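K.L.:
Taking the hints into account, I'd like the entire structure generated from these sequences.
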Amino acid sequence: MAQIRFSNVTKRYPNGHLALEDLNLQIEDKEFLVLLGPSGCGKSTTLNMIAGLEDVTQGSLQFDGAEVSAVPAHKRDVAMVFQSYALYPHKTVYENIAFGLRMRRHPSAEIDVRVRKAAQALEIEHLLERRPGQLSGGQRQRVALGRAMVREPAVFLMDEPLSNLDAALRISMRASIKALHQSMATTFVYVTHDQAEALTLADRIVVMCQGVVQQIGTPDDIYERPANKFVANFLGSPPINFIDGQLERDGTTLQVRCGGISLALPASKTFQLAARVGQQVTVGLRAEDVDEGGTESGSGADCLITGEISSVLPIGSDQFLGVQCGGQGMFFRVGKERSFSVGERVELPINRSRLHVFEASGGANIGVSDESRRVAR
Amino acid sequence: MSYALYAKRIGLFLASLLFLAYVLAPVLWLVSSSLQREANITSVPPHWIPHPLTLSSYRAIFTAGDSSAATGDNASFVPSTAQYLLPALRNSLIVAFAVVVLNLIVSVPAAYAMAKIRYIGRDLSVYFMLATRVIPDIALVVPFFLFIRKLGLLDNLGALIITYLAITVPFSVFMLLNYFESLPDELDKAARVDGCSRLQTLLRVFLPLALPSLVAVILFTFLASWNEFLFALMFTQTPASQTIPIIVASLTSDFTTSFSFINAAGVLAIVPPVIIAVLFERYIVSGLTAGAVKG
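Protein chains in written order, with my numbering: chain D, 515 to 891; chain A, 184 to 478.
Since the hints were derived computationally from the structure, they do not count as laboratory data.
Take every hint as true, because none was put in to throw you off.
In silico negatives: residues of chain D with every beta carbon more than 10 Å from chain A:
1. GLY579
2. ALA668
3. THR714
4. ALA788
5. ASP805
6. SER824
7. GLY849
Stretch by stretch, here's where chain D covers chain A in the computed footprint (C-beta under 8 Å, at least three residues):
8. 292-304
9. 366-376
10. 379-385
Predicted, not measured: the structure shown is a model, and the values here were computed from it.
For every residue, glycine included, the Cβ atom is placed at its ideal position computed from N, Cα and C.
P.N.:
The following block contains the structure:
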């Protein structure tokens with residue numbers, strides 16, 4: 515059990531590379547926090563600093579209010595699961611799991627009880643005498659989890675633990691990890707570049723890019739109220755569509771005009787955007803925000819995407835449509851009831867209450883209130 | 184099986200035999216002639232199988248220090264420096280074992296640090312260390328000699344140990360460095376998170392995995408110190424510190440030259456390395472290829 519606090523933490527590697535810039539983050543006790551971002555964004559560096567595997571160049575890192583930046587890895591009460599599992603190839607599964615306890619000089623009777631209990635929970639009891647080389651990827655993953663959970667650490671760290679597994683196994687392991695968090699009641703910090711993993715597992719997500727935190731918030735915040743274009747683009751599959759245009763006033767409502775189309779904005783955004791009329795903005799439009807029936811309030815003839823279908827990709831439950839609109843390619847997700855053909859012209863009504871409006875230059879989300887933006891950061 | 188395949192196999196077999204003979208013939212002749220009388224060795228054609236077989240050369244080596252001992256068939260040919268052979272053997276063993284042990288103590292932590300700890304000047308230190316080894320030994324003899332004289336270690340086994348460490352440590356570090364680098368960084372991190380200090384990580388996780396490389400380093404270091412001639416010739420002056428290559432070489436420059444005696448001394452000189460090689464044989468091949476593939 516531990517609360518972790520980064521205050522103005524900067525990490526610079528000996529080669530001069532700035533991996534992390536002025537990180538301020540408080541991870542609450544028993545929280546499941548996910549660090550999400552593309553490779554090289556500083557998320558693994560952050561995790562390694564919590565573990566004590568990387569030094570803090572500047573700033574302060576505290577566990578439960580006590581400064582730990584000078585405490586070496588082996589004296590911190592953390593356990594870690596690695597992407598490559600990092601099992602000791604020369605030790606049996608039993609010894610792999612027991613190693614952390616042996617290094618901390620637990621009596622061997624107690625080690626035996628704890629190892630067997632963990633093995634039972636992970637259903638790897640029959641593998642205890644094998645060596646890692648004789649195990650499948652999924653089994654190795656379980657051993658790596660066992661090695662970490664047997665320690666009953668204050669902080670549980672995971673560095674992309676599922677990315678080497680095949681898709682089906684990944685989904686079932688996600689559920690196991692979620693269950694593990696609930697049963698262990700300890701702080702989890704989880705690094706991934708997979709948005710689906712982040713959205714399913716996290717209590718809160720930290721989205722990072724090039725060493726800078728872009729947004730901190732619940733999965734719902736991050737998805738529904740992205741702080742900027744980077745966050746909006748990083749989450750969602752297929753990725754969000756961006757349309758550049760000019761913000762104009764049309765009677766009482768605001769609209770964004772670009773090329774041949776104009777998208778009316780919902781009344782809820784008028785207050786935030788009124789002062790920006792005439793500016794260049796970028797509208798973010800998620801693929802699933804097509805309102806096919808036109809039944810939702812707030813959609814209608816004044817918020818239409820018209821264009822020519824360039825591709826039709828059925829995905830079983832739904833279908834993806836590639837649409838060329840004003841010289842720009844976009845992707846939408848629609849039901850499979852209606853059939854489309856390539857080359858056909860379509861008019862897709864958009865659920866305008868779900869439009870996002872970003873600054874064209876800086877990329878910040880300007881369609882949300884300052885209050886919610888402050889919370890989001 | 185086709186005729187062509189048979190022919191190929193027979194060809195390969197004969198070629199291997201030829202190669203084996205080429206490699207082993209000098210060694211066999213060394214052993215064989217050490218068991219022959221002086222007169223038989225020089226006879227034409229040579230006798231590969233000693234007839235009559237005599238142990239007199241060996242007897243001479245082991246009794247050379249004792250002037251009252253009875254002399255054998257080759258008595259007249261025993262060189263005056265023969266009495267120094269056994270002390271030299273002891274000197275060589277002391278030097279070789281000391282170099283092996285000290286070399287491991289220095290090069291194992293050095294290689295681990297260079298492979299797994301990021302520090303400023305890491306690449307430079309690796310290049311610098313290797314650069315010391317592209318200088319031919321002959322160019323280093325004089326500076327080394329001056330150093331050793333300044334340290335007051337001339338004609339002392341310590342001089343040889345220091346010098347051989349300077350020669351073998353860079354190579355050992357390089358061999359181990361390659362192997363440690365091939366082990367994933369995450370293994371190092373896992374061990375440290377599991378509660379190992381840097382030293383414990385090295386001793387409990389990396390060393391057991393590096394065993395084949397360690398054996399290769401041990402063999403290389405032992406053989407390098409055992410066989411070294413140039414520095415030993417320069418830094419040793421009396422039998423108190425002379426090693427086996429120096430004494431064996433001196434046997435040829437006496438008033439009389441006894442082939443059987445020199446060959447017996449030669450056999451004696453190759454016994455310790457052969458024993459070491461046989462002991463570690465099962466690790467050698469894997470050690471030589473270690474680091475080629477990710478462990």
